[in-house]
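Colleague: Okay, here's what each chain looks like letter by letter:
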Amino acid sequence: MHIPDGYLGPITFIVMYIIMIPIWIYAGYKVQNYLRSRQIPYLAMAAAFTFVIMMFNVPIPGGSSGHAVGSALVAIILGPWAAVITTSVALLIQCLVFGDGGITAFGANCFNMGVVIPFVGYYTYKYISGKTPITSNLRIAAAAVAGWLGLSVAAGVAGFEMGIQPALEHTAAGVPLYMPYGLNITLPAMLIAHCCFFSIVEALVTAVAFAYIARSDPAIIFDYKKEEASTAGTKKNPENPQVS
Amino acid sequence: MEFSRTFKVLFVCLIVLVIIVPIGLIATGTAYGEWGSDELEEMVGYIPSGFAQIADVWSAPLPDYDFSGGDHETLATQAPGYYISAIIGVILTFGILFIAGRAMAKGRD
Numbered sequence: 001m002h003i004p005d006g007y008l009g010p011i012t013f014i015v016m017y018i019i020m021i022p023i024w025i026y027a028g029y030k031v032q033n034y035l036r037s038r039q040i041p042y043l044a045m046a047a048a049f050t051f052v053i054m055m056f057n058v059p060i061p062g063g064s065s066g067h068a069v070g071s072a073l074v075a076i077i078l079g080p081w082a083a084v085i086t087t088s089v090a091l092l093i094q095c096l097v098f099g100d101g102g103i104t105a106f107g108a109n110c111f112n113m114g115v116v117i118p119f120v121g122y123y124t125y126k127y128i129s130g131k132t133p134i135t136s137n138l139r140i141a142a143a144a145v146a147g148w149l150g151l152s153v154a155a156g157v158a159g160f161e162m163g164i165q166p167a168l169e170h171t172a173a174g175v176p177l178y179m180p181y182g183l184n185i186t187l188p189a190m191l192i193a194h195c196c197f198f199s200i201v202e203a204l205v206t207a208v209a210f211a212y213i214a215r216s217d218p219a220i221i222f223d224y225k226k227e228e229a230s231t232a233g234t235k236k237n238p239e240n241p242q243v244s
Numbered sequence: 245m246e247f248s249r250t251f252k253v254l255f256v257c258l259i260v261l262v263i264i265v266p267i268g269l270i271a272t273g274t275a276y277g278e279w280g281s282d283e284l285e286e287m288v289g290y291i292p293s294g295f296a297q298i299a300d301v302w303s304a305p306l307p308d309y310d311f312s313g314g315d316h317e318t319l320a321t322q323a324p325g326y327y328i329s330a331i332i333g334v335i336l337t338f339g340i341l342f343i344a345g346r347a348m349a350k351g352r353d
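Note that the protein sequences, when read in sequence, are chains U and F.
Just so you know, the first sequence maps onto residues 1 to 244 in the numbering used here.
Just so you know, the second sequence maps onto residues 245 to 353 in the numbering used here.
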């Protein structure tokens, strides 16, 4: 889902940067002010984990390939704003050092993988989990659905950004200047490949890692209730209220 | 900054992922919408002119998670570059946010 340079025209990639700049600033503010001290080392872990998980390319029928992202998991554990930061850092290194994802398309890629996946994932997880205990199996299922839906929606958004190019940017004769395929091709291609394959990997990764963390150290989880945290022996931290 | 048992276990998992990272090389196909200019030309019969202008705007030091040059067609020849890339990527991403996190953690309980 790393859109390379050349597939998005200036109209799209500039708009995506303009959308991302306030999101990056606000995410930085949120993370700096509201992340609990216990969660801070996990930020570094989350970015590294996101980076590595994206190297596990999965082959699919038809000769294409793709991968999970891990941003839904990070959003559930550290909160969606923290996931914006960790995913953006991973994407920045992938783009600058490894040429994976374009420089011009960096804003779009950060939006797709660093905003859409975390927010769709986090709110899906929250909605399904409701008020169930942190160790309930429903929450594991919720994490799986969150991963699946987050990556699938992001794939649709990426397909949309690419698919509008022929209509948006073409020569006077109508020849596309950037991505040559329209929405009728890009949307189904991205959605089918992700819904049927890569999002399932994302669902598994999210569910397994969540299940482990929820049982071993629930106090680091973003929306873990304060009362439960204090009975578990964690110091209360009134200066850093949990973000809602 | 102290590290919990969970953090240590997850860190070991991260190292295991790096060790098994060549599994990611089994998939040889290009991801949708990430084709190079030659692949694109083969598919649509021409290279879109805007694409040609900005496709190579940046040349990465380790393109496609591999050393440049040489004939890296097989999994065995791609694996060293892939390992080095995974290690560099993990150190950079972890390092950036670890340092940023330490700076943020200052002045907290």
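Just so you know, the hints here were simulated from the structure itself, not pulled from any lab data.
Take the hints with a grain of salt, since some may be wrong.
[As the list claims (entries may be wrong)] A partial selection of chain F residues facing chain U, derived with a Cβ cut-off under 7 Å:
id, residue
1, Ser-248
2, Leu-254
3, Val-256
4, Ile-263
5, Pro-266
6, Gly-268
7, Ala-271
8, Tyr-276
9, Phe-311
10, Ser-312
11, Gly-313
12, Tyr-327
13, Phe-338
14, Ile-340
15, Phe-342
16, Ala-349
The model shown is predicted, which means the values in this text are computed figures rather than measured ones.
Even glycine gets a Cβ: it sits at the ideal position worked out from N, Cα and C.
Colleague: For this structure, which hints from the list above don't hold up?
Modeller: 3, 4, 5, 9, 10, 11 and 12
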